[in-house]
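S.K.: As a plain string of letters, each chain reads:
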Amino acid sequence: MTDTATLERTREGTTASLELTHALTQTLYREARLLDDEHYKAWTSMLAEDLHYHMPGIETRYRRDKTEQVTDLTRMAYYNDSKPEILKRLSRLETGTAWSEDPATRYTHIITNVEVELTEKADEFRVYSNFYAYRNRNERDEDSLIGNRIDIWRQVGNDFQLVKRRAILKHNVMLSKNLNIYV
Amino acid sequence: MRFERIGREPDYSRYMDLKEGWLDRRIFSDADIYEEELYRIFARSWLFVAHESQIPSSGDFLTTHMGEDAVIVARQPDGSIRVMLNSCPHRGNKVCFADAGNTRRFVCNYHGWAFDTAGDLKGMHEEYCYDNGDIDFKNHGLKNVAKVSSYKGLVFATFNGDAPSLEAWLGDFRWYLDMILDNEEGGTEFIGGCIKSVMSANWKFGVENFIGDAYHAGWTHDSGCRSMNDGMPFPPIDMENSYHASVNGHGWEFGTEGVGDLVLLGRPKVMDYYNKIRPKMAERLGEMRSKIFGSVASASIFPNVSFLPGISTFRQWQPKGPMQFELKTWVIVNKNMPDDIKEEVTKGVMQTFGPGGTFEMDDGENWENCTTVNRGVVTRHERLHYRCGIGRQIEHDTLPGIVYRGQYNDANQRGFYQRWLDMMTHDELGKMPARPEPQLGNVAETRDLPGLFAL
Amino acid sequence: MNDNIADLVDSRTGRQSRSIYASEDIYRQELERIFGRCWLFLVHTSQIPKPGDYFRTFMGEDDVIVIRQKDGSIKAFLNSCTHRGNRVCRADRGNARAFTCNYHGWSFSPDGALSGVPLENEAYFGELDRAKFGLIPVPKVAEYKGLVFGCWDANSPSLDDYLGDVKFFLDVWLDAMPGGSALLGETQKMVLGTNWKLPVENVCGDGYHLGWAHAGAMAAVQSMDLTGLSVGNSGVDLDGGLSVAGMNGHMVLSALDGVSGYAFYPDPKPILEYLEANRQTVIDRLGEVRGRQVWGAQVNITIFPNLQLLPGLNWFRVYHPKGPGQIEQWTWAMAENDMPEAVKAQILENQCLTFGLAGLFDNDDGDNLTACTEQSRGWRTAQMDVYTNMALGRSGKREGFPGDIAAGLVSEHNQRYFYRRWQEHMMAETWAEVPTYNINSLTEQEAEHA
Amino acid sequence: MLDRPLAPPPVEVIVAVTQALHREARLLDNEDFEGWLAMLGKDVSYRLELKSRRFRADRSPPLPFGPGVIFNEDLGRLKMRVDRLKSGFVWAEDPPNYIRRAVSNVEVLATQPDNEVRVHSVLVMHRNRIDGTTRLLTAARTDLWRGEGQAWLLAARDIVLDHSVLPDSNLNAFF
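Chains as they are written, first to last, in our numbering: chain A, 1 to 183; chain B, 1001 to 1455; chain C, 2001 to 2450; chain D, 3001 to 3175.
So that you can see chain A by itself, here it is in the shape it has in the complex:
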């Protein structure tokens, strides 16, 4: 079971217009700021109902090893979620008893290398970006998650909604006790 059809690059040279690139870039930044500020309600309003949010777990393997680690959805993944599943995870924060999130973690998402492409669907756009997500909590707990993302964003009126995201964390061993963050 693989899920690559809509994420794969379908046509070369389908660069989006300046205005569209710009609007989507600003959308990514806004999304990052909402996550930094823990405005999860506002963030989830940016997610499409048919969202698929995937962050595979990746092993270190030799080059000759052809095991498909990124797109095979049957393998272990940090996230392999639909929108209701994301909402379920987030509902933990609304219980008031998520002790480890109190006092709050401080986050910064840095989003860069944004590329926007047209897809075969007129209202959907493929967006590549890199993320650097920094977390700091307690006295000196800190860690950095770095990786790249491939998204599909859909235009809905004047706004955009995230339809698909594959975030690839460039870590083998995650150097932290948990992943209380979305990238």
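The hints are all genuine.
Non-contacting residues of chain D with respect to chain C, defined by C-beta distances greater than 12 Å in every case (computed):
1. 3016
2. 3020
3. 3036
4. 3102
5. 3111
6. 3147
Where chain C lies over chain D, by a calculated footprint (3+ residues, C-beta under 8 Å):
7. 3089–3095
8. 3155–3167
Please keep in mind that the hints were generated in silico from the structure rather than gathered at the bench.
Bear in mind the structure is a predicted one, so any value in this text is a computation, not a measurement.
Don't be surprised by glycine CBs; every beta carbon is placed ideally from N, CA and C.
Got chain A sorted already, so can you dock chains B, C and D onto it with the hints?
M.R.: Below, chains B, C and D alone, put in the same frame as chain A:
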């Protein structure tokens, strides 16, 4: 094998009194005690190294750690499994840098020494530079561990040639293990891949949490329970019909209501699946175990493996110094499950007990703080309370092991630290007491899988 | 180890082995014999005014919570659950009716009592003896005019005796004005790769580095309107100030002009007006010497082992050790409660300009302290010595002041006393072996010694 | 902060302001402090705060006086800091620390009056220090930029560090 250390030889019994129910915090932070643990516990115990399904074919391998020693686990052409140090006998370099894969040879990057999957030295770069008599290929292979054995898919290895058999090591705990390993025809497998994370915590905190700490679930995981179960808190525990069972330092705490862990997984389809096979499970494992499976439960195999039956997360706490461990997480499923159920289980595990899971996120914070607060010289000399349920031991007709009534209990934790103390204080494992004496003799359901062999 | 310690410091000649800044073994012994034995600063009463107010800090490397009780008293506890040892409080400060552990939900009331155990009847069958499992209290907590200290050692002298003669100088901030004192603002925390003793010795006596290390900062502030104030420490001015030691290990540097603390202010007018308006009140309360000469001057007070407060410059600092080569430095601004709000605002503003985390002066010190520590780590360098032998044997008593006093702010008189006290504690098995010396008890030999 | 203005500023404005932020970072990386000062408005307010951690439910009032301010500067005081750095006596900066600033997530939002924009951005400061180690500082910035003629000038900046304990031995740097 005997391990001698020049360092100090403290009287470890002063770090705990399990009859009174307390532990000294220094066992969670002291560097000397940690070094001693590596010798006396990790170098002498049977350690989990792989599930057979991870290396199904000849040449399949994975790399892991036994204590802090890096090892390769490799499937041989004859179907057996070997475990060897991941270190070249020439200059000590790592010979395999991948987490997993398939190969015919492990070739060292440094001077090209090449080993087959059994670890035998087969050749090297510029072989002619060695004169006759310079090198004996037979004695310069990858060092194999002393013994390898498997129980229903779980492969264990030990550096200790004098170790008792794996069967004796697991003892009657196999009666419990069969609930996850043998609840359905076809046995189990691991889902592909492994999620690893690092915590600044002592490895024992993870093990003891899974071995018996039902008590933290309702509090630590209130938010997780509510998010997975439509706003409902952790279910009330029936203290009459729930238990702690401990065998040789392994432990399983469980209810008998049959659904608790399955509810917390938050996947109705998985619940339906198990309810469908439950009558057959009762035929295979008997009435009692079919009632236990799926209940609120957690378990650990001494020294450093834990799992949640029903929720299906399977994990190992790899020590990396007194104040750090690496947590490896897998998903264990029944081989005969349909693909969509396997997918549901996998998604459910990662949503609850992956690093981004609704339960897991709160545990790490606790274990880290339990450990790091002991940096203080005053703090680390204070005792900790392990007395809960100390008077509730019972004899049970069906349940083997040292059994306590009531799931809220520190009994299995005390059993784990008793075994820890036994190993730290006994030079000869053969003289270590069984806790308890085996009650079941040969467990009827025990069977060997192909690949079992011992060096 | 004791013999070794005897060789490591010679305060008669002003010599220290560099190993005292690098050795792991020495550090462990310091945690036990200095931080486990001395009175350590916990909190200023102004930081936890109401019942339930708490503040988290460290005593050595032990994490403690300091809490204002219902009856107004202050208690301190190890921040560690008695059940599995988890931290029970992870916030820096706040107000709480209970501290509840994340792990199993044991909760402790502000007086440390175990007040709640989830499932106490179900899991413990009501048999848990709660009285035995309260938070571990810091056995001795005492206050001196707003400064709250804690001590682990049951045999220590009282806080009053521990402070001894240095109270003469402490009162210049704590008791100069009827309204008393306060700390302002949030804690500014910073990690420094230095042994904890180096910043202490830097501020306790090192007037020598100012003109050189801070030349850049001086150049910048000299563009300010100094209104003719004499700083008194950019050159060697033996009449401008005093180096005071011999007070149970506490040290003071003090200028004597009554205004130099505010020399770095771009606009010192409001503060000068405040000093002017209240000078007589302070003279009435503290006498001519302290009221006219010390109040308002630059005064560096060091309370052994790790607290430094500088009335005048108005910064207040604690160093928490984190291993032999690292500290956390916590800084606040100081004020008198009688100061008008505008003056307090100015103090905060100027602190961030001069001695805050990004202060012009502070930015010069960090790298020097770090490098002094790192350069003591090598096998060979650790065997070498460093020297605090400036102006040896030029001290004595001085009319109107306590302590063994050397003239001027540029000498190493105070540092020698600091290392001497350090050595006395490190060699003593118990408090009984630690000498007490205030001015009146100072023997001739000891005076000569310094 | 959540409310998005109905009409985003023209693309040209967003591009120009983004370029200004990048230019500013480059000037600071190159220690062209005069060039940087010239990008500041006469009434610039430049603040950096460090906040203590409190429980979410903590209802105690904010601290009686002033927050944990690390920078709280106007143009004159920023010039004073620059004067110090240029004095030639700042040994901690000699040899220089190499600083690289990565500015990202530049969101430009319309505000009133028309010639001003509110700008959110994040900054990663990669500071290779004299001791050979690298310190990473991350911060969120909220700015006010004002268009004056062809130029955009910084009118106000609030910086919030992600750290509760500063992981470096000084802050001889501007964010």
